[in-house]
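Q: Those protein sequences? They're chains A and B, same order as listed. Every letter in the first sequence is one number past the one before it in my numbering, and letter 71, counting from 1, is 71. So the number in my numbering is just where the residue sits in the second sequence, counting from 1, plus 1000.
These are computed hints drawn from the structure, not numbers from a lab. Where is the CB? At the ideal position from N, CA and C, for every residue including glycine. Hints are supplied without guarantee of correctness; some may be wrong.
Claimed, not checked - Okay, derived cross-link-like pairs now, PhoX-like style, lysine-lysine, Cα gap no bigger than 20 Å in a straight line: (1) B/Lys1078 - B/Lys1006; (2) B/Lys1012 - A/Lys68; (3) A/Lys75 - B/Lys1012; (4) A/Lys68 - B/Lys1078; (5) B/Lys1012 - B/Lys1078.
Said to hold, decoys possible - To spell it out: a stretch of chain A is covered by chain B in this simulated footprint if at least three of its residues, at any positions, have a beta carbon under 8 Å from a beta carbon of chain B; those stretches are: (6) 21-27; (7) 54-65.
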Amino acid sequence: MTHDTTRENARHGPSYGTLTAIWCGLLVLTVVTVGVAGVDLGFWNVVVAMAVATAKAALVVLVFMHLKYENWVFKGFVLMTFAILAIFIGFTFFDTAYR
Amino acid sequence: MTDTHKDYEGAKLGMWLFLFTEILLFGGLFVLFAVYMARHHEAFHMASRHLDVRMGAANTVVLITSSWLAALAVAALKRGQDARARGLTLGTIALAGVFLVIKYFEWSAKFRHGLYPGSEHLAAGPPGEAVYFAMYYAMTGLHGLHVTVGMGVLGFAWWLMRTGRCTRADFVFLENGALYWHLVDLIWIYLFPLFYLVG
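Required output: the full structure, derived from the provided sequences and hints.
A: Okay, here's the thing in structure tokens:
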């Protein structure tokens, strides 16, 4: 049963119901991010905003962009891209923060 | 009829490779924004108050919804529901238009208040504020350009479906167009909190 559903998803992509659930999740997270911004958490405002944005990005990439249903080649490439981006951002901050 | 070789996986992987270059393009601008924000924290905080959070939030909802419609369009075409796929694609394009109209009103309000690159108001204020608005126009402008291109790509996908060249059996053009559209949504997901909320 589970196996059949997985194969069905691989061929057709996620169902209308799954896509709609993800859309609702994205709307809820948007409300959360606007709500949290109204509370003064100091430095943690940035952390929370970026964490919520990343959760939203993960939903879009995994389900809307079908990455969850792709083979390891696609998953590996996406992971590599974000690793490169993290190195890019991280090393820039090592440089600018300790000047 | 000629026997053309179609490589579905290759076409999709090619699209993803292009999207990676887009991620790194915007990634560079995000790094620039983050470093300047760390350097001019107070000025960025004050400058971000000039933005209208309601308009930014409305545009977030519009773009998320358009992305949902694009994903539904791909699902519909894969199930052979051609008319529904075409309608959903048109819906995506219409919401992209709504996004640009809201953006137009936002930008023109900023211009009326003298908040544009090189304006006297910004020249008189702290340098961090001018940097904030330079980044605001550069990043939302480049993003807006991507929205316009996305409308064109999805419009072409609609035309291919209409003329029977993008079908249940060969749907990769719509799928790649939708991938591009989701990336446009993805970038906005980060732009919105950075410019409207964090500062």
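Q: Each of the hints needs a verdict: does it hold here or not?
A: Cross-check of the supplied hints:
At most 20 Å may separate the alpha-carbon atoms for a hinted pair to count; B/Lys1078 and B/Lys1006 meet this at roughly 17 Å. This hinted pair checks out: B/Lys1012 and A/Lys68 have alpha carbons roughly 15 Å apart, not beyond 20 Å. The hinted pair formed by A/Lys75 and B/Lys1012 meets the criterion: a straight-line CA distance of about 13 Å does not exceed 20 Å. The hinted pair formed by A/Lys68 and B/Lys1078 meets the criterion: a straight-line CA distance of about 17 Å does not exceed 20 Å.
Only pairs whose Cα atoms come within 20 Å are accepted, and B/Lys1012 paired with B/Lys1078 is accepted, the gap being roughly 15 Å. Three residues within the 8 Å Cβ limit are the bar, and the stretch 21-27 of chain A against chain B gives 4, so the coverage statement holds. Given a C-beta distance limit of less than 8 Å, the hint that chain B covers the stretch 54-65 of chain A holds, as 7 residues qualify and 3 suffice.
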